[in-house]
Structure formats: structure tokens, C-alpha cells
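Now for the letters of each chain:
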Amino acid sequence: MSSQTEAAVSPSVKQSDKDKRVRLPFVRNKALLGSVIPVLLIVIWELASRLGWVAPHLLPAPTTVLGEVVSMAQSGELWGHVGITLYRVAAGFAFGAAAAVVLGAATGYSKIANYLLDPMLQALRAIPSLAWVPLFILWIGIGEASKITLVAVGVFFPVYLNLTSGIHGVDRKLIEVGRMYHFSTLQLIRRIILPAALPSFLVGIRSGLSLGWMFVVAAELLGASQGLGYLMVFGQNTSAPELVVASILLFAIFGKLTDELLKRLQQRALRWQDSMENAS
Amino acid sequence: MLTVHRVSRLFQEGKAGFHHIDMQLTKGEVVGVLGTSGCGKSTLLRVLSGLDPQYEGTVTTDAVHQEEAFGMMFQEPRLMPWLNVIDNITFGTKKRTKQKEAEALLKTVGLNGFEHHYPKDLSGGMAQRAAIARSLLHQPEILLLDEPFSALDAFTKMQLQDLLLSIWERHETTTLLVTHDIDEALYLCDRIVIMRGQPGRVESEITIEQPKPRKRGDAYLAGLKEQILQELDFTKV
Numbered sequence: 000m001s002s003q004t005e006a007a008v009s010p011s012v013k014q015s016d017k018d019k020r021v022r023l024p025f026v027r028n029k030a031l032l033g034s035v036i037p038v039l040l041i042v043i044w045e046l047a048s049r050l051g052w053v054a055p056h057l058l059p060a061p062t063t064v065l066g067e068v069v070s071m072a073q074s075g076e077l078w079g080h081v082g083i084t085l086y087r088v089a090a091g092f093a094f095g096a097a098a099a100v101v102l103g104a105a106t107g108y109s110k111i112a113n114y115l116l117d118p119m120l121q122a123l124r125a126i127p128s129l130a131w132v133p134l135f136i137l138w139i140g141i142g143e144a145s146k147i148t149l150v151a152v153g154v155f156f157p158v159y160l161n162l163t164s165g166i167h168g169v170d171r172k173l174i175e176v177g178r179m180y181h182f183s184t185l186q187l188i189r190r191i192i193l194p195a196a197l198p199s200f201l202v203g204i205r206s207g208l209s210l211g212w213m214f215v216v217a218a219e220l221l222g223a224s225q226g227l228g229y230l231m232v233f234g235q236n237t238s239a240p241e242l243v244v245a246s247i248l249l250f251a252i253f254g255k256l257t258d259e260l261l262k263r264l265q266q267r268a269l270r271w272q273d274s275m276e277n278a279s
Numbered sequence: 000m001l002t003v004h005r006v007s008r009l010f011q012e013g014k015a016g017f018h019h020i021d022m023q024l025t026k027g028e029v030v031g032v033l034g035t036s037g038c039g040k041s042t043l044l045r046v047l048s049g050l051d052p053q054y055e056g057t058v059t060t061d062a063v064h065q066e067e068a069f070g071m072m073f074q075e076p077r078l079m080p081w082l083n084v085i086d087n088i089t090f091g092t093k094k095r096t097k098q099k100e101a102e103a104l105l106k107t108v109g110l111n112g113f114e115h116h117y118p119k120d121l122s123g124g125m126a127q128r129a130a131i132a133r134s135l136l137h138q139p140e141i142l143l144l145d146e147p148f149s150a151l152d153a154f155t156k157m158q159l160q161d162l163l164l165s166i167w168e169r170h171e172t173t174t175l176l177v178t179h180d181i182d183e184a185l186y187l188c189d190r191i192v193i194m195r196g197q198p199g200r201v202e203s204e205i206t207i208e209q210p211k212p213r214k215r216g217d218a219y220l221a222g223l224k225e226q227i228l229q230e231l232d233f234t235k236v
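Residue numbers (numbering that gives the first Met the number 0), protein chains in the order written: chain A, 0 to 279; chain B, 0 to 236.
Don't read these hints as lab results, they were simulated from the structure.
One or more of the hints may lead you astray.
[Unchecked claim] Under the rule of at most 20 Å between Cα atoms (straight-line distance), these lysine to aspartate or glutamate pairs were calculated in the DMTMM-like manner: (1) A/K172 - B/E171; (2) B/K119 - A/E276; (3) A/K172 - B/D180; (4) A/K172 - B/E146; (5) B/K119 - A/D258; (6) A/K172 - B/D51; (7) B/K119 - A/D273; (8) B/K106 - B/D180; (9) B/K224 - B/E171; (10) A/K262 - A/E276; (11) A/K262 - A/D273.
[Stated by the list, open to error] Some chain A residues close to chain B (C-beta under 8 Å, calculated; not the full set): (12) Y180; (13) E259; (14) L261; (15) W271.
Note that this is a predicted model, so its numbers are computed, not measured.
Quick reminder that beta carbons are idealized off the backbone N, C-alpha and C, glycines included.
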């Protein structure tokens with residue numbers, strides 16, 4: 000970068016570069032390319048069930064699973080389960096991420112807060128989060144609050160860790176620029192530290208969400224009367240594998256959808272990054 | 000404009016940094032600081048700019064706004080990667096009031112058409128042009144340049160040196176230029192301060208009488224270069 004000579008300072012140079020890029024029509028369609036293997040697997044699975052290679056009471060065909068989902072959707076039963084699960088993930092994610100932002104920003108920016116809080120939080124992180132379940136149920140009962148708390152605990156750590164490490168990794172040279180302009184601490188945080196830590200923070204948010212999904216399953220498996228996790232337990236108890244597989248499928252769909260949403264957000268927010276992703 | 004009186008900043012029990020530096024800059028003067036590496040010339044700029052407050056001695060300016068007297072340009076452009084060029088130039092100011100000036104500066108440094116590019120899309124020279132514009136927007140009364148072109152290739156370097164000359168002609172900003180490039184110092188400065196030793200001290204001063212713009216291959220400058228090389232005498236430690 001530094002050894003480039005500026006032969007001509009005009010924006011037209013950049014634009015002609017863009018047009019020259021070679022594009023393969025098939026490779027360009029990312030969605031198409033990404034769905035090749037899943038579609039193939041589903042076809043094989045359907046064939047295996049139809050031809051009796053696997054016992055249908057253990058692994059029902061994809062069409063049976065789909066039929067189950069459609070009939071539940073038509074009866075209206077499905078939306079209650081999906082709704083409550085989404086609500087638990089969303090609420091837990093919001094609480095967990097908010098707590099992580101506050102504590103992560105504090106330990107990231109202030110040395111004292113770091114010495115004070117970080118060892119404790121790291122120790123708490125070492126506890127397998129599911130170990131909290133009995134305690135949460137004892138403390139706050141079996142209702143919504145304990146499930147949301149569990150999801151929040153799951154979301155908290157990845158967000159917290161990525162935010163602190165993002166803040167610690169902010170280039171000192173950029174902070175010096177702010178000091179040249181006599182920025183106050185608040186201005187430094189808002190105008191340099193937060194944007195510079197954003198890439199790392201967004202990675203944390205995404206892995207936090209995926210852990211949130213994991214923990215909502217755990218919470219619902221352990222004690223719920225509604226939700227996708229409950230549907231799985233119900234399917235297991237009534238020997239209805241199509242119900243279990245349908246729940247898994249729905250988890251996959253909603254997990255993927257929410258992650259895609261965050262990914263889009265991440266790409267939009269990080270267009271400025273000089274990364275592989277943006278090189279195209 | 001700027002008076003530096005017996006300023007010292009020492010590291011590693013007095014083995015690095017600089018010791019008892021005296022220096023005076025009059026208004027509009029361009030002074031170069033030349034020295035071998037490790038003689039504390041970059042540290043001197045960090046002290047003057049306020050980035051390094053742990054020094055002894057006194058630094059006084061007769062700037063109108065004492066707080067905002069200094070503008071600094073670093074060896075690297077240090078642009079905020081998440082801001083586009085125009086937002087980088089107005090970084091640290093209230094954007095609306097400075098928008099017009101920023102656009103004018105963008106033209107001055109030859110970046111018009113690149114307002115909305117991100118730093119990742121700029122070449123090294125273009126990024127440094129944006130950094131020049133950013134440091135000028137605040138209209139500092141004293142501009143500190145820390146080897147601003149040392150990471151650029153020879154041709155870009157010459158272009159930007161000429162850009163600086165044209166800017167000085169217009170703004171008459173008092174400037175302290177730290178460099179290890181003797182030719183650069185001879186081409187740009189009214190006076191050159193030579194530092195050497197560990198910790199660094201002011202070894203000597205050379206006033207360049209020739210008016211600017213100068214010719215790069217000038218015989219008078221070549222003579223001065225010879226003299227400076229002897230002063231620096233790389234064989235003696």
C-alpha cells in the first residue's frame with residue numbers, strides 16, 4: 000500500500016477496475032451454491048425412507064416431517080410453540096447482551112474495573128452454564144423468568160469476552176489522534192474505541208445468539224409446557240419422531256434466519272473493513 | 000511562536016530520549032529536526048504535542064488558543080478506517096460548521112472525487128494526503144510533522160513535499176518537521192536543527208538562506224548536505 004505511486008489521482012481509475020472483474024455466473028450465486036449439498040442430502044434421506052432402508056418409526060421421511068409441520072401450522076398449534084420460544088430467545092438475548100455491553104465496556108476501558116470484575120467473571124464462565132439450572136429453578140421458579148435468565152447467561156459470555164478483547168485491541172495510534180484533539184474520555188469511547196471494537200463486538204453478538212438458541216433448548220427440555228423444546232420432549236414421550244425432527248428443523252430454520260439477520264447487519268456495519276470478505 | 004527551554008525526556012535510566020533541548024521557532028518558520036535513529040527526535044514531537052506529559056523543562060507558545068496550538072501529523076496516516084475520507088478530514092470537529100472548509104482542503108490536497116471512499120480503498124500517498132487535510136482543518140498555529148513521508152515511495156514523496164510547500168505559501172503555518180531524510184529537510188526547511196547522541200542533544204544548527212521553491216539538485220544544497228553528513232558522522236558513535 001505504501002509503495003504505490005500515484006500516477007493519476009482520479010476516481011475513474013477505481014471504477015474501471017471493477018468492470019474488469021471476471022465473474023462466473025454459477026459461482027456468483029452464493030445462495031444456489033450453498034444449497035446444493037443440503038438438497039442432495041434431503042433427496043437421499045427421502046429415498047432411504049421410501050425404500051425402507053431406515054425404519055420409519057426411527058427416522059421419518061422429510062415429507063412426513065413437513066406434513067407434520069404443515070398440519071400443526073394449520074391447526075394453529077405451531078405458532079404458540081414458535082412464538083414462546085422466540086420470545087424466550089429474544090428476551091434472554093436482550094438482557095444478556097445488555098449486561099455484557101455494560102460490564103464489557105467497563106472492564107475493557109477501565110483498568111480498575113478490569114482487575115475488580117474480570118477474574119470473577121472468568122471464574123463464573125468456567126461453570127458449565129447448565130449447572131445453573133437447578134439453582135435458577137429454586138430461586139425463580141419454573142416459569143418464564145428462569146428460562147430467560149438461563150438464555151441470558153448463555154448470551155452474556157461470548158458478547159462480554161469479544162467486547163473486552165475488542166476494546167483491548169484498539170490501536171493505540173488511533174487513540175493518540177483523539178488525544179491530539181483533546182477528546183474527553185466519553186468522546187474517546189464514543190468516537191474511537193466503540194467503532195474500532197465493533198468488528199469484535201459483532202462476532203460476540205453472533206456467537207452469543209447461537210448460544211442463546213442452544214440454551215433455550217436446554218431450558219425447554221428441562222421443564223416447559225410450551226415451546227419447540229417442549230415439543231421435542233413431547234415427541235419423545237409419545238414415540239413421534241416426526242415431531243422431534245420437525246422441532247429440530249424449526250430450530251435450524253429460526254437459528255439460521257436470526258443469524259442471517261445479524262450477518263447482514265454485520266456486513267452493513269463493517270463495509271469499511273479491509274478484509275477478505277470485502278475484497279470480492 | 001514556540002520556545003522550548005531546557006526540555007528533557009529520558010527513558011531507560013537516561014540512556015534514551017533527549018536531554019536539555021533548547022529551540023525557538025518564529026512565526027511562519029519551517030524548522031527541520033534531523034538526526035540518527037534513537038536520538039529522541041520523535042519523542043521531542045510527542046512531548047511538544049502533549050502526548051507525552053512526563054518531561055522536564057518548559058514549552059511556551061504565543062498561540063491565541065493555547066489548548067489547540069499544535070497540530071500533529073504522524074508517520075502513518077492514522078485515518079479512522081470506519082469513516083470515509085471527508086468524515087476523516089472533519090474528524091474531531093463539529094462537522095456542519097467545517098464542511099465547507101473540509102471540501103476546500105480536499106481540493107487543496109488533490110483528493111476531490113474521493114470524498115466517500117474508505118481508507119482501505121486509498122493508496123498510501125492518498126491516505127497521507129487525507130491526513131494532511133485533517134491536520135490542517137483545525138488550523139493549528141504550529142504544525143508538527145513526524146517523518147510524514149518516510150513510508151512513501153520517492154515520487155509520491157516529492158509530490159507531497161511540493162504540496163506542503165504550496166500549503167505553507169498560503170497558510171504560513173509554523174512547522175517543526177522531524178525527518179531522517181536530509182534532502183527533504185534541505186528542500187523544505189528554513190533552518191535545520193541537527194540532533195545526535197543517546198540521549199539526544201542539539202549538535203548544531205544550519206540556516207538555509209536560499210528562497211523557496213528550491214531546485215532539488217541545487218549545488219548550494221548539495222554542499223550543505225555534505226556538511227550535514229559530516230556533522231552526523233555515522234562512523235563515530
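Status of each hint after checking the structure:
{"no.": "1", "hint": "A/K172 - B/E171", "result": "violated (28 Å)"}
{"no.": "2", "hint": "B/K119 - A/E276", "result": "holds (13 Å)"}
{"no.": "3", "hint": "A/K172 - B/D180", "result": "violated (23 Å)"}
{"no.": "4", "hint": "A/K172 - B/E146", "result": "holds (15 Å)"}
{"no.": "5", "hint": "B/K119 - A/D258", "result": "violated (27 Å)"}
{"no.": "6", "hint": "A/K172 - B/D51", "result": "holds (13 Å)"}
{"no.": "7", "hint": "B/K119 - A/D273", "result": "holds (5 Å)"}
{"no.": "8", "hint": "B/K106 - B/D180", "result": "violated (28 Å)"}
{"no.": "9", "hint": "B/K224 - B/E171", "result": "violated (26 Å)"}
{"no.": "10", "hint": "A/K262 - A/E276", "result": "holds (12 Å)"}
{"no.": "11", "hint": "A/K262 - A/D273", "result": "holds (17 Å)"}
{"no.": "12", "hint": "Y180", "result": "holds (4 Å)"}
{"no.": "13", "hint": "E259", "result": "violated (23 Å)"}
{"no.": "14", "hint": "L261", "result": "violated (18 Å)"}
{"no.": "15", "hint": "W271", "result": "holds (4 Å)"}
Checked against the numbered hints given earlier, the structure breaks hints 1, 3, 5, 8, 9, 13, 14 and satisfies all the rest.
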